[in-house]
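Engineer: Okay, here's what each chain looks like letter by letter:
4 protein chains.
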Amino acid sequence: MEYFRVRTDLALEAREFIEEADGEIRGVIAEEYDEKDCDVHVTKVVINSKNGAKAMGKPIGTYITLEAAGLSQPDEDYHREVSVIIAKHLQELLPKPGEEKSILVVGLGNRDVTADALGPGVVDNLYITRHMLMQFGKAAYECEKINQISAVIPGVMGKTGMESAEIVKGIVKQTKPDVIVAIDALAARNTRRLNRTIQLTNTGIHPGSGVGNHRDSITQESLGVPVIAIGIPTVVDAATIVSDAIERMKRELGENDMLFSGEGTGTLAEMNNMYVTSKDIDATIKRLGYTLSEGLNIAFDLNA
Amino acid sequence: MEYFRVRTDLALEAREFIEEADGEIRGVIAEEYDEKDCDVHVTKVVINSKNGAKAMGKPIGTYITLEAAGLSQPDEDYHREVSVIIAKHLQELLPKPGEEKSILVVGLGNRDVTADALGPGVVDNLYITRHMLMQFGKAAYECEKINQISAVIPGVMGKTGMESAEIVKGIVKQTKPDVIVAIDALAARNTRRLNRTIQLTNTGIHPGSGVGNHRDSITQESLGVPVIAIGIPTVVDAATIVSDAIERMKRELGENDMLFSGEGTGTLAEMNNMYVTSKDIDATIKRLGYTLSEGLNIAFDLNA
Amino acid sequence: MEYFRVRTDLALEAREFIEEADGEIRGVIAEEYDEKDCDVHVTKVVINSKNGAKAMGKPIGTYITLEAAGLSQPDEDYHREVSVIIAKHLQELLPKPGEEKSILVVGLGNRDVTADALGPGVVDNLYITRHMLMQFGKAAYECEKINQISAVIPGVMGKTGMESAEIVKGIVKQTKPDVIVAIDALAARNTRRLNRTIQLTNTGIHPGSGVGNHRDSITQESLGVPVIAIGIPTVVDAATIVSDAIERMKRELGENDMLFSGEGTGTLAEMNNMYVTSKDIDATIKRLGYTLSEGLNIAFDLNA
Amino acid sequence: MEYFRVRTDLALEAREFIEEADGEIRGVIAEEYDEKDCDVHVTKVVINSKNGAKAMGKPIGTYITLEAAGLSQPDEDYHREVSVIIAKHLQELLPKPGEEKSILVVGLGNRDVTADALGPGVVDNLYITRHMLMQFGKAAYECEKINQISAVIPGVMGKTGMESAEIVKGIVKQTKPDVIVAIDALAARNTRRLNRTIQLTNTGIHPGSGVGNHRDSITQESLGVPVIAIGIPTVVDAATIVSDAIERMKRELGENDMLFSGEGTGTLAEMNNMYVTSKDIDATIKRLGYTLSEGLNIAFDLNA
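Residue numbers (the numbering used here), protein chains in the order written: chain C, 1 to 304; chain P, 305 to 608; chain W, 609 to 912; chain A, 913 to 1216.
Worth flagging that the hints you see were computed from the coordinates, not collected in a lab. Accuracy of the hints is not assured; some may be wrong.
Restraint-style ranges between C-beta atoms, simulated for each label pair [claimed, not checked]:
| # | chain 1 | residue 1 | chain 2 | residue 2 | range |
| --- | --- | --- | --- | --- | --- |
| 1 | A | K1000 | C | E100 | 51 to 59 Å |
| 2 | A | E1056 | P | N601 | 55 to 63 Å |
| 3 | A | G1120 | W | K644 | 13 to 21 Å |
| 4 | W | N821 | C | E100 | 32 to 40 Å |
| 5 | C | N48 | A | N1184 | 39 to 47 Å |
| 6 | P | D381 | C | N48 | 56 to 64 Å |
| 7 | A | E1056 | C | R192 | 52 to 60 Å |
| 8 | A | I972 | C | D112 | 53 to 61 Å |
| 9 | C | R192 | W | N821 | 49 to 57 Å |
| 10 | W | K781 | P | V388 | 34 to 42 Å |
| 11 | P | D381 | A | A1216 | 54 to 62 Å |
| 12 | C | D77 | W | N821 | 42 to 50 Å |
Glycine included, every Cβ here is placed at the ideal spot set by N, Cα and C.
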């Protein structure tokens, strides 16, 4: 299986993929449970050693995955419940829980590419407070505790000539937030995960991740402040989906890789610039952006 | 191979698919050539008997397919050349060549679903003349011969409660055009065809065709005036792409269908609401819509 | 005051304007009251004679105007209350109250001109039932009584080559609805009315009305079925606003018209293609479209 | 005339306004001429003393205004000519003419408010080179001299919680460009100027300027690098337009201010959140954005 790269941004899938082949992995702890009162399945993967990180192809840290089957459907009540659950898990990862802080939300991705427009969509719906606090102080909000929320949509390199990471770094130097929350559309390995899986992690954004494939890191290491990344897979690489189907078939047939690699390689190369996405991705991205932004709004509200 | 439907709107692919299996088909004549001075490959398939229609799963009529490899890239000069070639072949299919006539262009599809927005995009760029001719006569254009061009974007059933075919039928009754040109985004069977293949046919639009799957016909039979359909494939059904890869693999391995059908069926069902499209589909659809609308503008200009 | 035309689509304003000058008008009955439990002022103007119609420059019929001061602000609860009030007054005007009927909603205006995009926005949010009823019958809705709702966005003449009225006429012939509800953005004479006034009338759409200035009628007379028109003023003609200011000033000063007409004419001509609109018109149009579509959804629901 | 503020971002208009009242101004030099071969009128205003700056309400520096009457119409050839003229005057203001440099283009304004979307529109069409030069060096462009072009759309304070100036400052610190070119939609005092007047200045962006009213400076003083600002007026404050009409009338009538101030004040307050814009502003903004971005592309091309 040398001829293609398994493309997944989900720790959940990386683990599945490895376990299918090798069984348990040292340095990786996983726990799973269902949320009460709402149809959401939670998987928490903690990578706590270099060995685990190498095996998983993901950095050391915590990965919380919410699988919310109904999320791909337009059910407002369910979406509202999922926002609350997102908020709860985001609060687990935020530093200084319950205390006032300044938070910079970064909406990664490309507003003009439907499947990559999740980050910009989240920022469009956020409740922003920083400018009012700067101008009028807390008096603007008539409440005791309030977080200072700012947000930016850095845009994509082809349009800015700059890495998203460079733009964020400049803004962090200038405005000195306590923590960054970065939103991005992800690539999954399995269509079953699309538009219904939310991954939260305290490891930030790494090169090659996201639908748009960032080149530079947006992490605590590169920026000096904690970076929480939240993502939802919206596409599967077309090459991956075919490889996986063939792989499963070969396993079933007990066939040797070599027999098929020639033909397979051609087909996969052809699919190089293609992805698989849901037919209603345009409407879905809008809905998911709103649900996620509501989750952030709830998590950031110190008076709720 | 009972467990999936081969989904292609391209006569070209239907023929390939059949010929791979059965060799030549009675009642189907095909000719192929390259355009001079421009990298476009032309395939003309004429289905002239019921047998041919049955074998191809397409109605009797003429299907011209232009394969323009560079069309998926943003090269303005090449796009302009392709517009001229589209115009030439459209004129072959238009009734009363060289004479004044009234033409209603129908932009099928859904403006809010990127891969299905080709038809609306074409209408947005068309040179419309009917309203000026109705109000001021030919004086408005200072030229001897002028076609009366009108256009409509009927929208999709989920948003209108009406078949596109019903809306078009009503407008045809009211405005009595001489010919209809209907534009639609198509589904192909092969990713190699996406965004670079243009099909022109005098058989109109048939149930189940297009990215959005129309239920009713938009044809000379249903409307009483000739209907020329022009389409560009923008998606491949995800299930089709996997089936095809597996099929090719099985053929290569000489395996029996039955061995794999169980696993295969599950995988395919999962992909039911998914399609494969190019990563830059948002920008591509805009470019293709413009190139196609320019082709129509040139074809409709009697003074060129 | 010969040198400019008073441009208003609101019966309310036509009446004000006339009464300022001439006092009461024969053939026009007006009643005013405040809605209970919600800050909405209702004016009902009934024109019941040719004399009244001539004086008002509006056809015989009923004009209900809702002035909802908070409508221009983003207060969700208030918007929801206004939707209910719109529904109540729309039901007054609909034929066969409480009975099942088929209703065609027409979203007039231009989706690509912000201040004129109200009609298309309303259609985008409507609850459409006709296609489901046609395919599955009432079983699709598990309820005893259901209206058959369809909708169309005819587009503007410059892009279709057809009057909106022609398109609607064709669709009415084909699908035979019992009643038409046409939505349009209006021009007011006073900025105070913008984005907070809703006019409902059973007289349909008349030439020269709307932001886009339709040329043909969409009325019971022209289509053979009742036409209810609902509009919200989103612009004031720039020339009108200046004329009105000057007019008020002259009245205050007791000056003669003639002294100023020269300079005034120049200024007004310059403003010919200009309008006055609110700075947040983009966001406002979206909100108003949603509030209006909710009003229609409530009014059309026979089981509420 | 205390009761309203004259709102204009155009040095041209500030000068006109003052000269009407007071005649020539010390510290302000103005020269005017017509471009050869293209219908564009050039006014160059140089403010070279504190007195001039105070009188004009504008900082010391050079203001070049291009009045291009045809710019508000969709004539492609004329737009192309204007792009070349913009390029010529922009090159006059750029430091280190003919030498390679790094240029950061800043698209100010709000993408979601039509009349304020000029800046974002310009950035969308720019030819960006920085990322390619960073990754592949000059080899990427096969040419001897190339400018390093990057661009950013900072967004508006209500959506980011940050001043555009803060975001730009952070990015400047991080990426160290040699010069900034900031694009913004402006407010004029006269509708005659809308969509056809281009102002280029080496004084940057100052608080209160632009359709969106920035609070902080984007200037050489605040950023440490030269800032060239390019703007096109797309709106007139509604209050301003009425005030001006009344003012002209009073002058004509020889009346005293006081007589009218009561009524006038009420009318103007009502128009507080309103502006005057052209009816086809949506299409116009797209066209102007393209023409301006082409001007920048030409000006930045060292091999032309």
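Engineer: Failing hints, ascending?
Structural biologist: Result: hints 2, 3, 4, 5, 8 and 11 break, sorted rising.
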